[in-house]
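Asker: Here's the letter readout for the chains.
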Amino acid sequence: MSSNEQYSGNALLELRDVHVAYPARRRGGSVARAVDGVQLILQPGEIVALVGESGCGKTTLARAILGLQQLSQGTIQFDGESIPTDAAGKKLFRRQVQIVFQDPTASLNPRQSVYEIVAEGLRIHGNSENEHKIVSAALERCGLHPADRYMLRYPHELSGGQRQRVVIAGAMVLEPRLLIADEPVSSLDASVRGEILKLLQDLARDKNMAVLVVTHDLGLPWNIADRIAVMYLGRIVEIGTTEDVLARPKHPYTRALLSVVHEHLQLEQQILKGDTPDPTSIARGCRFNPRCPMVQSGEAERLGILQKCLNDDPVLPNKQNNDHVAACHALNF
Amino acid sequence: MSIEAVQVSPRQMTWLRRRRALLRVWRELRHDRSGFTGLLLLVFFGVVAAAAPLIADRSELLAAAGRNNPDLAAPSAKFLLGTDDIGRSVLSQLVWGSRVSLFIGLLATVVAVVIGSTVGLISGYVKGRVGSLLLAIDDFFLVVPFLPLAIVLAVILGRSPVTLALVIGFTSWAGSARLVRAQVLSLSERGYVERARALGANSRHVILRHVLPGVAPLIIANATLIVPGAILTESTLSFLGFGDRLSPSWGKLLDGAQSSGSITLNAWWYYLPPGICIITVVLAFTLFGRALERIFDPRLAGR
Chain H
3 MSSNEQYSGN ALLELRDVHV AYPARRRGGS VARAVDGVQL ILQPGEIVAL VGESGCGKTT
63 LARAILGLQQ LSQGTIQFDG ESIPTDAAGK KLFRRQVQIV FQDPTASLNP RQSVYEIVAE
123 GLRIHGNSEN EHKIVSAALE RCGLHPADRY MLRYPHELSG GQRQRVVIAG AMVLEPRLLI
183 ADEPVSSLDA SVRGEILKLL QDLARDKNMA VLVVTHDLGL PWNIADRIAV MYLGRIVEIG
243 TTEDVLARPK HPYTRALLSV VHEHLQLEQQ ILKGDTPDPT SIARGCRFNP RCPMVQSGEA
303 ERLGILQKCL NDDPVLPNKQ NNDHVAACHA LNF
Chain A
2 MSIEAVQVSP RQMTWLRRRR ALLRVWRELR HDRSGFTGLL LLVFFGVVAA AAPLIADRSE
62 LLAAAGRNNP DLAAPSAKFL LGTDDIGRSV LSQLVWGSRV SLFIGLLATV VAVVIGSTVG
122 LISGYVKGRV GSLLLAIDDF FLVVPFLPLA IVLAVILGRS PVTLALVIGF TSWAGSARLV
182 RAQVLSLSER GYVERARALG ANSRHVILRH VLPGVAPLII ANATLIVPGA ILTESTLSFL
242 GFGDRLSPSW GKLLDGAQSS GSITLNAWWY YLPPGICIIT VVLAFTLFGR ALERIFDPRL
302 AGR
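Protein chains in written order, with the working numbering: chain H, 3 to 335; chain A, 2 to 304.
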């Protein structure tokens with residue numbers, strides 16, 4: 003913890019042992035541990051990609067950071083302070099942390115013009131001076147120029163990429179310090195994905211804004227992320243700079259994911275076997291052991307760590323900010 | 002888009018948008034033959050009701066007015082629709098009756114829509130105990146036998162047109178509450194509501210900016226469908242003798258026709274006109290309402 007303490011001085015966002023559990027649906031059912039002990043630190047202006055398959059808790063984690071989801075344990079600190087719970091504090095916090103959702107079409111009210119959509123944040127926060135100027139600048143900054151041509155249009159008159167630009171512009175008018183992008187390009191045409199990612203990257207650099215990109219696509223962070231955090235069943239199992247994680251993956255889960263994405267790594271293609279992960283019944287020991295290729299191939303036994311894999315929950319080692327670490331018993335061997 | 006259109010202020014833009022939306026509704030209504038027919042009929046009845054004093058003097062409604070006229074006289078040049086059992090002109094009563102029937106129908110609808118939308122909005126938006134309680138009340142009014150309740154209330158509260166309208170409105174809001182609630186439930190799960198919340202919006206903003214604009218068209222269309230029910234209810238209550246004895250509604254005309262035995266006497270001019278008027282107005286509102294529903298509800302578009 004001591005190294006973490008040093009960071010909290012200038013970290014923008016700091017998650018400590020964050021848990022989110024959804025209560026059982028039926029009486030006697032089990033609790034779903036969607037987020038199960040996450041540590042994560044974001045520095046101002048850096049882009050971190052949170053990667054994981056669907057159901058691993060990455061969206062729940064994003065909602066928790068936004069304060070839309072109650073934590074069952076742990077703390078989230080923004081700018082050295084916990085997320086406020088009173089109305090006024092919440093409002094101020096909302097200004098600084100914005101989100102871009104996966105589906106821009108759903109995020110835009112079909113009855114509002116582009117102008118009203120982008121100005122909505124300003125109006126909510128009672129900042130109506132220079133409204134026209136700010137909206138216009140935000141649209142242009144997000145690649146919709148001349149802005150005047152777009153203001154009076156309606157969402158259905160725009161393409162998917164343009165809609166996502168409108169959503170991003172709507173977030174940018176509040177000049178947030180952290181932008182959470184939840185699968186920002188997965189509903190867009192491949193042809194515009196790169197442009198939107200480039201836009202996020204430019205905005206992060208120009209405005210010193212941190213971006214947390216939540217995605218299931220390991221091919222995506224190549225483009226923009228400074229660091230990658232790989233999430234499995236509610237916990238970050240590997241984290242490091244983009245280069246380290248993608249070129250030298252440590253965790254067997256990351257390796258398996260990469261083996262099907264990047265042919266050039268010349269990893270042998272590994273299709274994960276076993277049940278799909280279920281947050282209501284997380285395995286004893288290492289949470290990955292039911293699907294771990296090292297366990298299945300007998301390699302873990304050869305290394306003499308099988309008992310650890312089956313009984314001890316591996317912890318992600320305490321890390322310096324850019325260290326490349328993974329939670330796997332095989333690494334400490 | 003021209004250069005001038007670019008220089009408008011946000012407020013002008015809102016008005017421009019509203020005008021465009023209204024024009025769109027008008028255009029679509031214009032091409033909807035049944036809906037437009039309904040609208041024309043409604044305009045006709047509206048004009049008749051408004052111009053009632055010009056067509057017939059109010060004094061002709063008094064019981065004494067028919068003293069010197071023949072009773073149950075067939076239509077003639079003097080009495081275009083004949084006279085009733087005490088010699089009053091049926092046409093005069095019909096014309097003045099349109100005022101009462103439309104007034105009660107519209108006021109009852111306003112009451113029903115205000116209660117229904119409020120209950121629907123709150124029960125859809127507020128989760129937890131308040132929502133369930135409102136839903137239970139809604140269920141109660143949905144299943145309670147409607148006519149007996151209306152009769153009891155009408156007897157207790159008195160029989161002026163206003164109280165009659167209140168009674169009818171108070172007993173017919175349950176359906177629209179259900180409708181509004183369903184739409185609110187669906188709207189408050191939309192991505193743009195979540196986006197507004199992430200921007201920092203409170204419930205007030207979400208309701209005023211996103212939920213209400215979304216349900217308003219539904220409320221309007223639903224209202225035009227409540228009016229015919231309210232008019233029919235008023236007619237029923239009056240026909241059963243629970244109406245206002247002093248105001249000449251269409252239902253009361255039917256009541257008079259029935260009690261004077263005009264059907265056995267074959268005095269068709271007494272019982273047919275009010276019946277036809279009721280059916281026509283009800284039909285007109287229904288046609289118009291269904292057309293509005295088609296225009297406003299994207300799920301029905303193109304059917």
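There could be a bad hint or two in this list.
So the derived label-pair ranges between C-beta atoms look like this [claimed, not checked]:
#1 H/Ala139 with A/Asn203: 22 to 32 Å
#2 A/Val26 with H/Gly31: 45 to 55 Å
#3 H/Ala139 with A/Ser187: 30 to 40 Å
#4 A/Val115 with H/Pro112: 50 to 60 Å
#5 H/Pro112 with A/Gly242: 48 to 58 Å
#6 H/Arg155 with A/Leu148: 46 to 56 Å
#7 A/Asn203 with H/Arg207: 28 to 38 Å
#8 H/Ser188 with A/Asn203: 22 to 32 Å
#9 H/Ala139 with A/Leu23: 27 to 37 Å
The list that follows gives simulated cross-link-like pairs (lysine-lysine, BS3-like), each with its CA atoms no further than 25 Å apart [unchecked claim]:
#10 H/Lys93 with H/Lys200
#11 H/Lys275 with H/Lys93
#12 H/Lys93 with A/Lys79
#13 A/Lys128 with H/Lys92
#14 H/Lys135 with H/Lys93
#15 H/Lys200 with H/Lys92
Keep in mind the hints are simulated off the structure, nothing from the lab.
All residues carry an ideal CB built from backbone N, CA and C; glycine is no exception.
Asker: For every hint, state whether the structure bears it out.
Answerer: Status of each hint after checking the structure:
no.: 1; hint: H/Ala139 with A/Asn203: 22 to 32 Å; result: 26 Å, holds
no.: 2; hint: A/Val26 with H/Gly31: 45 to 55 Å; result: 49 Å, holds
no.: 3; hint: H/Ala139 with A/Ser187: 30 to 40 Å; result: 35 Å, holds
no.: 4; hint: A/Val115 with H/Pro112: 50 to 60 Å; result: 27 Å, violated
no.: 5; hint: H/Pro112 with A/Gly242: 48 to 58 Å; result: 51 Å, holds
no.: 6; hint: H/Arg155 with A/Leu148: 46 to 56 Å; result: 52 Å, holds
no.: 7; hint: A/Asn203 with H/Arg207: 28 to 38 Å; result: 33 Å, holds
no.: 8; hint: H/Ser188 with A/Asn203: 22 to 32 Å; result: 30 Å, holds
no.: 9; hint: H/Ala139 with A/Leu23: 27 to 37 Å; result: 32 Å, holds
no.: 10; hint: H/Lys93 with H/Lys200; result: 29 Å, violated
no.: 11; hint: H/Lys275 with H/Lys93; result: 45 Å, violated
no.: 12; hint: H/Lys93 with A/Lys79; result: 75 Å, violated
no.: 13; hint: A/Lys128 with H/Lys92; result: 21 Å, holds
no.: 14; hint: H/Lys135 with H/Lys93; result: 23 Å, holds
no.: 15; hint: H/Lys200 with H/Lys92; result: 30 Å, violated
Violated hints, in rising order: 4, 10, 11, 12, 15; the structure is consistent with all others.
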